[in-house]
Amino acid sequence: MQVTVGEIATFLGGQVVGDEQRLITGISSLAEAADGDISFLANPRYEPMLEETSAAAVLVAKASASARVVQIVVDHPDFAFAKVVQQYGPQPRPMAVGIHPTAVIGEGVEIGEDVRIGAYAVVGDGTRIGAGCRIFPHAVIGDDCWLGEACIIHPHVTVRERCQLGHRVTIHSSAVIGCDGFGYASVAGVHHKIPQVGVVIIGDDVEIGSCTTIDRARFGKTVIGSGTKIDNLVQIAHNVEIGEHCIIVAQVGIAGSTTLGKYVTMAGKSSAVGHLSIGDQSVIAAGAGVTKNLPPKAVVAGAPAQDIKSHHAQVVYQRRMPRLQATVKELERRLAELEQRVKDNQA
Amino acid sequence: MQVTVGEIATFLGGQVVGDEQRLITGISSLAEAADGDISFLANPRYEPMLEETSAAAVLVAKASASARVVQIVVDHPDFAFAKVVQQYGPQPRPMAVGIHPTAVIGEGVEIGEDVRIGAYAVVGDGTRIGAGCRIFPHAVIGDDCWLGEACIIHPHVTVRERCQLGHRVTIHSSAVIGCDGFGYASVAGVHHKIPQVGVVIIGDDVEIGSCTTIDRARFGKTVIGSGTKIDNLVQIAHNVEIGEHCIIVAQVGIAGSTTLGKYVTMAGKSSAVGHLSIGDQSVIAAGAGVTKNLPPKAVVAGAPAQDIKSHHAQVVYQRRMPRLQATVKELERRLAELEQRVKDNQA
Amino acid sequence: MQVTVGEIATFLGGQVVGDEQRLITGISSLAEAADGDISFLANPRYEPMLEETSAAAVLVAKASASARVVQIVVDHPDFAFAKVVQQYGPQPRPMAVGIHPTAVIGEGVEIGEDVRIGAYAVVGDGTRIGAGCRIFPHAVIGDDCWLGEACIIHPHVTVRERCQLGHRVTIHSSAVIGCDGFGYASVAGVHHKIPQVGVVIIGDDVEIGSCTTIDRARFGKTVIGSGTKIDNLVQIAHNVEIGEHCIIVAQVGIAGSTTLGKYVTMAGKSSAVGHLSIGDQSVIAAGAGVTKNLPPKAVVAGAPAQDIKSHHAQVVYQRRMPRLQATVKELERRLAELEQRVKDNQA
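Residue numbers (our numbering), protein chains in the order written: chain A, 5 to 351; chain B, 5 to 351; chain C, 5 to 351.
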């Protein structure tokens, strides 16, 4: 890249503090920036790095008077930086236009404008692929699916029959959408499979990580709300309903029929048992195991999960246990001694 | 679907309480049922829903006198309902008959009657595919494998060389059967790979979830017993032996050489370290980490796992810790006061 | 296999104690060995098995005087056994020479000598495949990747654009290398994707398990050091740096920007939050959740992780809690009684 600070500021609608003519040739984090790089400061905690960085320019929310580096003042430095990376950063090779001759397209498939489909991709009968979708090599889309516009389906993704994706949905490699839910009727010592005839419905602007599995509903639908982002290796069981704009971090597991409100955050490796209702804007800490319904704005940690302050207090109390036990032992000794003394006095 | 209550009752061998001529046009859960739907009541806890449901008919184990809805009395409502769904529910498009022209079939492959193989599937040399198997697009079966009858292999499954599947085994997308176990000999600071030359042997009627990984044995075999059901994202290490009819829920991990008896349940995210023996009918709660052998019918929770009652008691005790600590502090105060008083008395 | 004990000893540079002419026809563990098998004794704990084993010969570090079985004395019996298995054990069918006609090779791809590429593999534009690589069917290598010599890429692996693999790297099925990191800038209730334009750099002699996901860096690089071994279903987030010769067991999760030194062991299901530094030779027990920086040679357990001895003590104290609570209650009773007695005396 070859662009001046002034051009970037104009693109972002930001204010330059310093030399507008400074040439930007790369993109980096504050810590790793080399001469010519542009970077950003999102967390005020790292402000001292403004003085040390080798970056040529830094996006900031508020200009620092003491920093010698060129600054561009913008409202949301991290978001602005994302735009800079998108606009000026390294671009992947564009996918070849059209449908690769080896792609297998079923009967009655409807394909929108400017759809690109890679080598060996398979699209089932009756499926609809919206305009501008990118289906990478080796993706498999089942029969009678519905994909909105501008979806990105990475290599080795499986979308099973009848599932629906909104607009601008991205699914990463080896994720599986619409596999069977895990349900059996156990009769006389044999687990009989319960057919899983429902679907998965995914809203707009959803991103789903690699090797994440989202089960189709037993009947009805498993739902992922618009704007929700799901990381890698997450398990979402049948009939789960996730609201809009949730953040589900890697290796989370959500058991069957549990419902999440809007703006719920589940940190890495946390989990929820089945048939729960988790309120809007709840935050579930890393590794927490939720076993009860949560009201809106709950913040919980631990397994079984409890209010995060109680959890933290409990961790402290646990670490004090050796001392507590010693204290109790000493109390016992002193009490026995005192009992003896009182007895002696009475005698 | 268009079928009367009477026809369904006859199919199930059940007793109708109410209008046999009622027309059923859909399938649903009690909570979501709309007019025309058939549903079922498996858990007596939900019996009050019989009065509220909009369903046209409900499968029940025992007829409710107060419910106005048409009831069909059967032995196992959930199992009976599974049969109804299978028989009358939405049917997936049938897979095309025969072997897709793009499938790559190795030398010396034996293929039974009515086998269907999808686009781009790969079957290695010397492999045997039993009658009635469905191999979906993009499945890869290695050399010298053995598949029983009526197996279903979903897209993007990998079955590595020499592994054996019984009859009616279903494997979901992106699962990997027979990948190398994780074994190294560390000499002078270098981890040398120990060849993993064993296999995986899977019994009859086993189901394996998406993105589940089952390692081949170092030598000998990793075994999954008949009737066992395994959910998504489960890790089963080399030389593990799982008995018959076990239930292994999502994100479970079982370390090398551990043995499970029959009818063991491992709930979501639970785990067992290596070289353990877990007795028949044991139940391991969600998130539990088993570190010791378990006798038959053990029920454990927590990490490290212990008897579930002790675990629950411990959780309660932990939450009482702030109070306990306060109590001890108060005891200390009172004891010091009393000591002083006794001392004063003596003086 | 048909080889004498003497020939194996010569191959290993070991000393035979017993009959050099003994014919070896198979390979097994001590416990499962049948007549004709060779086995090994690595853990002195199992020495009594030397007297019971049906093996024909056993690799040992020190000859046992009482054992009747033929022994071959070598420095590292497990490593020596790995060599025997490699040399004489069952060999997989060799992959067909050359590039399968259905493989799709991009423009400007550089392919070294003796590279074998299987059916339907896809190699992107500008990618370099080193000599002796084995790319199995259905592997997808993106544009502008760099693979060293003798890499093994199993079926359904995805390596995304611009990632680099050293020499002798093995990647197991459905692993995903270089998928997008999980990063968003949340503005006015919308999570905007932060482009992930960095790469993944993998050293030499690295092995990566099935369904493991390694995210590309936001910018810069995610790094896996030479000699490191990673098991199945592991999540490694963007900008993580793992040192050389680490052991990362199944279902581990490492959050963004965390750095591991050399020879770190993370046992199964353990995890580390983001932006941590974990010192050389640290050991993180199964299921532990690391939330703070660790110095070199730390050994930690529990969640939040602490020194393993403190953790074990804490587990013991927790299990004593019912007794402690009873003790405190009894102290209260005795103290109240004594208070009353002292009061009565004074009266």
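Rather than coming from a laboratory, the hints here were simulated on the basis of the structure. Built from N, CA and C at the ideal position, the CB exists for glycine as well. Take the hints with a grain of salt, since some may be wrong.
[Said to hold, decoys possible] Simulated crosslink set (DSS-like; lysine-lysine; CA at most 25 Å straight-line):
hint, chain 1, residue 1, chain 2, residue 2
1, B, 197, C, 266
2, A, 313, B, 197
3, A, 266, C, 197
4, C, 333, B, 333
5, A, 347, C, 266
6, C, 197, A, 87
7, A, 296, B, 197
[Unchecked claim] Taking beta-carbon pairs under 7 Å as the criterion, some of the chain A residues facing chain C (in silico):
hint, residue
8, 32
9, 36
10, 176
11, 291
12, 295
Violations among the numbered hints, reported as their numbers in ascending order: 2, 5, 7, 12
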